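Q: Next come the chains, spelled out residue by residue.
6 protein chains.
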Amino acid sequence: MFYTDGKLQYPVRVEKANPLFARALQQAIGGIEGEIRVAMQYFFQACGARGDPKFRDLLMNTAAEELGHIEMLATAVALNLEGAPLSLKEQVANDPISGAVLGGMNLKNLLSAGLSAMPVDSDGVPFDMSHIYASGNIAADMVANVAAESTGRALAVRLYEMTDDGMKDMLSYLIARDTMHQNQWLAAIEELGGGQGVFPIPNSFPQDQEQQEFSYAFLGFQQDGSDPVAGRWSQGTSIDGKGSFKAGSIMPMGEKPQLAPAKPRGGAQKEQM
Amino acid sequence: MFYTDGKLQYPVRVEKANPLFARALQQAIGGIEGEIRVAMQYFFQACGARGDPKFRDLLMNTAAEELGHIEMLATAVALNLEGAPLSLKEQVANDPISGAVLGGMNLKNLLSAGLSAMPVDSDGVPFDMSHIYASGNIAADMVANVAAESTGRALAVRLYEMTDDGMKDMLSYLIARDTMHQNQWLAAIEELGGGQGVFPIPNSFPQDQEQQEFSYAFLGFQQDGSDPVAGRWSQGTSIDGKGSFKAGSIMPMGEKPQLAPAKPRGGAQKEQM
Amino acid sequence: MFYTDGKLQYPVRVEKANPLFARALQQAIGGIEGEIRVAMQYFFQACGARGDPKFRDLLMNTAAEELGHIEMLATAVALNLEGAPLSLKEQVANDPISGAVLGGMNLKNLLSAGLSAMPVDSDGVPFDMSHIYASGNIAADMVANVAAESTGRALAVRLYEMTDDGMKDMLSYLIARDTMHQNQWLAAIEELGGGQGVFPIPNSFPQDQEQQEFSYAFLGFQQDGSDPVAGRWSQGTSIDGKGSFKAGSIMPMGEKPQLAPAKPRGGAQKEQM
Amino acid sequence: MFYTDGKLQYPVRVEKANPLFARALQQAIGGIEGEIRVAMQYFFQACGARGDPKFRDLLMNTAAEELGHIEMLATAVALNLEGAPLSLKEQVANDPISGAVLGGMNLKNLLSAGLSAMPVDSDGVPFDMSHIYASGNIAADMVANVAAESTGRALAVRLYEMTDDGMKDMLSYLIARDTMHQNQWLAAIEELGGGQGVFPIPNSFPQDQEQQEFSYAFLGFQQDGSDPVAGRWSQGTSIDGKGSFKAGSIMPMGEKPQLAPAKPRGGAQKEQM
Amino acid sequence: MFYTDGKLQYPVRVEKANPLFARALQQAIGGIEGEIRVAMQYFFQACGARGDPKFRDLLMNTAAEELGHIEMLATAVALNLEGAPLSLKEQVANDPISGAVLGGMNLKNLLSAGLSAMPVDSDGVPFDMSHIYASGNIAADMVANVAAESTGRALAVRLYEMTDDGMKDMLSYLIARDTMHQNQWLAAIEELGGGQGVFPIPNSFPQDQEQQEFSYAFLGFQQDGSDPVAGRWSQGTSIDGKGSFKAGSIMPMGEKPQLAPAKPRGGAQKEQM
Amino acid sequence: MFYTDGKLQYPVRVEKANPLFARALQQAIGGIEGEIRVAMQYFFQACGARGDPKFRDLLMNTAAEELGHIEMLATAVALNLEGAPLSLKEQVANDPISGAVLGGMNLKNLLSAGLSAMPVDSDGVPFDMSHIYASGNIAADMVANVAAESTGRALAVRLYEMTDDGMKDMLSYLIARDTMHQNQWLAAIEELGGGQGVFPIPNSFPQDQEQQEFSYAFLGFQQDGSDPVAGRWSQGTSIDGKGSFKAGSIMPMGEKPQLAPAKPRGGAQKEQM
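Chains as they are written, first to last, in the working numbering: chain E, 1 to 273; chain U, 1 to 273; chain X, 1 to 273; chain G, 1 to 273; chain A, 1 to 273; chain P, 1 to 273.
What the hints contain is simulated information worked out from the structure, not anything from laboratory work.
Computed from a prediction, not measured in an experiment: that's the story for all the values here.
Among the hints, erroneous ones may be present.
As the list claims (entries may be wrong) - A partial selection of chain U residues facing chain X, derived with a Cβ cut-off under 10 Å:
1. R23
2. A24
3. A28
4. S244
5. G266
Claimed, not checked - Here are the simulated DSSO-like pairs of lysine-lysine, each with C-alpha atoms no more than 27 Å apart in a straight line:
6. E:K89 x E:K16
7. P:K7 x E:K246
8. G:K168 x G:K16
9. E:K270 x P:K89
10. U:K168 x U:K16
11. U:K7 x U:K168
12. E:K168 x E:K7
13. P:K54 x E:K256
14. E:K89 x U:K242
15. P:K7 x P:K168
16. U:K256 x U:K270
17. X:K89 x X:K16
18. X:K89 x U:K168
19. X:K16 x G:K246
20. P:K246 x A:K168
21. X:K54 x E:K7
22. G:K256 x G:K242
23. E:K89 x G:K89
24. E:K16 x E:K246
25. U:K242 x A:K270
26. X:K168 x X:K7
27. E:K246 x A:K256
28. U:K256 x G:K246
29. P:K270 x P:K168
30. A:K256 x P:K256
31. P:K256 x A:K168
32. A:K16 x A:K168
Note that beta-carbon positions come from the ideal geometry of N, C-alpha and C, so glycine has one too.
So that you can see chain E by itself, here it is in the shape it has in the complex:
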């Protein structure tokens, strides 16, 4: 269950409203690496967490924090949009600046939301909840969370570099929180056994039932028959500690597939039957 006091987790200050930066900030709200994604991802992972309840608590608490980040960013977007013109002023040709501002901003923020934030990305594409990765496997979830916070911090850094406004202060806070969250989910992986304990995910599948000849083989294609690109992935003990890497050319073990002819009354051409 959730509570709110309507206050911001961290102050949001905009010195010079910039509708184009408002559009950029939308990526941090409704982009696939944005705050709606992590808030809802941790929320659904928490709701489905089976096993030690501490992971549910960890996830749900962080979900609550991320909801507060959406609130901060939505406030920042609304404040930046206060600089937007409402009209085209006759012709773009006579007034290039206002045309460029309207042209460069996300027009839905004005037309559809009346100068407010929306759950869309920087191109106005709505966030789609299929990006909520909650697999029922706690280790896979933790890796997905590290991934989300990695792309999230890359985005926050790019926004930080884009602006010279007071917005830098808010972003330096969000970058710090992303640092923590990357570490937090890595710490959870450590609690679950670390690299050699959790991989390959899921660790509950008996590996003698997989085709082990191919479990640690890097396969690639070279027209001259030489081995594919070498690296840590082609030699040495595997990272999960359960095999040894090797490398080889990829080649077919199967034949060209043969499907049955089309059924007589199934809407195919008669030549296919």
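Chain E is already provided as a structure; the job is to place chains U, X, G, A and P on it using the hints.
A: Here is chains U, X, G, A and P on its own, set in the frame of chain E:
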């Protein structure tokens, strides 16, 4: 550039065509953790890879392999669909089995694809390319790839458990390849410096510009004022080796936000102005 | 800013786990009239609320409550899924029940989420945040909220009728909350001036700038030339109190449109130029 | 069944073609508050209308009118696009205006549609038919229609303010029709019994089966224990006339949820079992 | 502009309501090859038609007819849904039939639409207007229309084979109309010059500006160096009459691409710079 | 199964990096008429091809070629993005050019992909795999392929006209390949019997089971009762050679539909029962 010889990477054998299992297999084609996702994700990461070209080669070769996995699974779906009835035979009530088969399968596989595979998931939802994570940050990409292969292997294991058919053989091969691919991307992370070298991602951002007071602090909420759930994330050196974990209560540092009144001719109610 | 204590707003009891009902409940989570929609809609309306701050408070508090409803429903889904089989057991024909259960449930709940809830509707379609109506016009938002709670309560009633389980208790609570929320947003409309005060929305546009001849005219088409279907909408004072209804035949005031020929090098056929 | 004469309901005049305004107009075609939405919403509500057939007639007639509005707007978009350049002319830096025009317009209108309108919004996002609210409950449908026409009129007003072209004339007509349609659906609610007759929707559910203790209680959270924000929603007779508003603090009646351990062969980590 | 008389173009008779067939029929409404698609495709092509106005008339008239087909199918869906149970009746195990019916139908038709049709496909996926192909090139549009009517007729034939109900009568009418519409758009191509006149589309691009060496060459890959699969496409005059087919092995003319290093403050890893 | 050598099919040269043209090129990658679409469409058609295996070979080989086209275009996008600024430089007003560049480009290419290509269209909308038309009917598939290559070539021509860069060279190659692919699929139709052999699609449905009275009748609406617009479609032998065109007024053969009253406990208003 790509080549094909039309053969299958591994044999695909269906003993008893089962349209419901065809629907389940669709998740491995068009689900968010399926093969289209990894094939296209590695492809786009390769196309945008800046820096050491070996990562481009590694990614593009694995993309090619995953395309072959889609081909295997699409063949498996088509073969399983050959058991589907084409008609409802009067009434469901009189013939519960054919009703259950048609009811349980993805009807589009019949109506729209004529008993073939489609780029959709097990509920018939088309794959959406926003799931292609290619961030321009090679380390973030590698973590995203470990995540993709972790949920992918969990899915393959669930499919393996669901069937008693010859399909188990093909799936045991795909499970092995997922083992390799998890290890392969982890190996790439090792080449990039390992945990303490790559995190926090991006490692190019100077950490003295983030609000470091919050960079390693786990924040949660307890109504009785006690600390939030303890774990590896609340004490000890951080996983990236650059700080020490601490824990505390989450609390607002900002106030309730204040937006300006609505603009006079901006489509708001006059009470908002 | 948000807090959570991890507890449920109302007890969730499942007596007999039913995976098909789990699928039905998914509509109340990720359907367009479900709880993610209202939680996020009130959240974004709050973030963009300009004018009297009490509406921001009202909206944000109710957003927090709705988050708790998602949590309740996600718990209910996970508990109902505990009755799902993991395998097809040879052939559907030999075991119609397990086939029907797997066929009737949302397979992603098993394959992709490991028997947990997902942010999808009852057909497995992910929720799409374009359904968050937050217009920057507080009255339009309130009407959208009444609409959301009306379809939401219709859905809850249908779920209540579908089950005979302890689930009825949880649903009777949610139905009551929907009753309140319908009334609450209607009360907000009353605070904003009631029907004659708020309509036509937006009330800030000077009506002498609209083509008033058509502002209160019901237009329809009858092949015999008679008036279209009569009702309250075709006579009497308009509901907003600012005009009188009349009725008439719809007919074109414009001509067939004439576009310029295609530009010479714009990718059209040469016959279009 | 539908007929067309190819003429426009109201004249469409563009004095100075403006591709950026074409992009803005796209919101009124393919935005969630646009004309495709209302046309198709009334159409599907009509097709599913059970009960008094006059509502089917009312809805289908208005659907036909809204189709004509799409036609008007699509014509307006095509005419405004006739001002678009087809080439970048060397460099944006040397020719800021043509760059700004191409940069500010929806590029798909040129690249994909050859300077014609598309069923997309002002950011080029295609309309998605999940926005067609047709609930099978006639009162819920009418409220949804008032909501659609309220956001629709807010949009039309914003477009009116944005332009100084002859487009203002067409928009003043559409604004008037939105005034009528808001009133028309409110009139339909009056025919269905008015506020006290239709609410809570659905009015067919016996209220003694809902948890009536919570049916008229506004719940919010204040850290200091005081009541949440007061207003018409916290006291007095409820708007539906069937209860009395009260207010209180939101608090959990349930416990932390407990899910069963993960099933042995279900793809979870072994630590979860 | 559009008119309606509320009547059906052709009678719709359901003898035995079948909710599973209702789900199948949904594909003909909201599937990518369904009636919403063709209605809206012809509508938008008409709105953007430049050149001889007879094509606008042809397209808009057929759009109107297709709207009537949606109406017929929506009526058929609603009538078929009248056979759906509203409750699960205790346990699926005790009542396999009602469970199979609810499990096999599109649950949203019941939960979200109250036993009415929706603009979704047979798996409950909403129609997405990006499928409206209207290219600004009249010949490309006509080919797209032939494609739409070809998949549409295949779908109608499959539905015809699936049912034994009076529904066969309605479907035999729709199949006939699809026959006409395929021929109608082929006739339009003939008016535009026929195969040798319209191809390659667009015919307005001067072919001496394309790399003509590759304009009629079929390229494929054989590991043994032999030519790829032979057919009409590898020899003889090309279908557009403007070249001669030849065949050859596909091979790279470019090198491995080289991107610049990542920019210093662009969110990449420092190893990429 | 697929192989890659990491080289480009044709050289990709960018002389003057232009982020706005990068955005335009995205349409050729992730637009509905772009290269992902054709690559995946031919791939899935191949996987489901029943009948003569030469069509599978033809399709799979061309799928491989199209994958190489995505690679070329993704390289071109990345190279063009190298001209993008990373920051807003204080205010748009002071630096209109950098503002216009950032405003005109797809911001996700910078924020989310670090100056790389993405599987999105020119407005940043992700490609959605529902556009993969693979019907199980080989003739319908071939027509869909001609349609795809027709819109694809129109797009390539528009891109060619938009740029003055070395990009013209790459585009002239892609235009030539589109010429070939249009002809190639037309050649496949010829192999399948040509117009009179393949139409109406599917040619396996016995036409005496369709309502033949309407199979070759063009229906339209004229208010004055005259025939609808005349053309090749209203007279002469039909294109499929199996009938004669005629024309007539469209008119209803059915009545207004009558649905049953709403069920008592189905969530409708009581007035509907």
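Q: Does each hint fit the structure? Answer for all of them.
A: Consistency of the hints with the structure:
1. R23: holds (6 Å)
2. A24: Given a least distance of 6 Å, the restraint on U:A24 holds.
3. A28: Constraint on U:A28 satisfied, holds at 8 Å.
4. S244: violated (26 Å)
5. G266: holds (7 Å)
6. E:K89 x E:K16: holds (22 Å)
7. P:K7 x E:K246: Satisfied, since the Cα-Cα distance of roughly 25 Å is no more than 27 Å.
8. G:K168 x G:K16: holds (12 Å)
9. E:K270 x P:K89: Cα-Cα ~65 Å, so violated.
10. U:K168 x U:K16: Since the Cα atoms of U:K168 and U:K16 sit roughly 12 Å apart, the hinted pair holds (cutoff 27 Å).
11. U:K7 x U:K168: Status holds; Cα separation ~20 Å.
12. E:K168 x E:K7: holds (20 Å)
13. P:K54 x E:K256: It holds: about 12 Å lies between the C-alpha atoms, which stays within 27 Å.
14. E:K89 x U:K242: Between E:K89 and U:K242 the Cα gap is close to 53 Å, so the pair fails against 27 Å, i.e. violated.
15. P:K7 x P:K168: holds (20 Å)
16. U:K256 x U:K270: Between U:K256 and U:K270 the Cα gap is close to 23 Å, so the pair holds against 27 Å.
17. X:K89 x X:K16: Between X:K89 and X:K16 the Cα gap is close to 22 Å, so the pair holds against 27 Å.
18. X:K89 x U:K168: holds (13 Å)
19. X:K16 x G:K246: Violated, at about 36 Å.
20. P:K246 x A:K168: holds (25 Å)
21. X:K54 x E:K7: holds (14 Å)
22. G:K256 x G:K242: Status violated; Cα separation ~34 Å.
23. E:K89 x G:K89: Holds, at about 25 Å.
24. E:K16 x E:K246: Outside the cut-off at roughly 57 Å; violated.
25. U:K242 x A:K270: With Cα atoms ~17 Å apart, U:K242 and A:K270 stay inside 27 Å; holds.
26. X:K168 x X:K7: Holds, because 20 Å separates the two Cα atoms, which is no more than 27 Å.
27. E:K246 x A:K256: holds (25 Å)
28. U:K256 x G:K246: The given pair, whose Cα atoms are some 25 Å apart, holds under the 27 Å limit.
29. P:K270 x P:K168: violated (66 Å)
30. A:K256 x P:K256: violated (65 Å)
31. P:K256 x A:K168: This hinted pair holds, its Cα atoms lying about 20 Å apart.
32. A:K16 x A:K168: Holds, at about 12 Å.
Violated hints, listed in ascending order, are 4, 9, 14, 19, 22, 24, 29, 30; each of the other numbered hints is respected by the structure.
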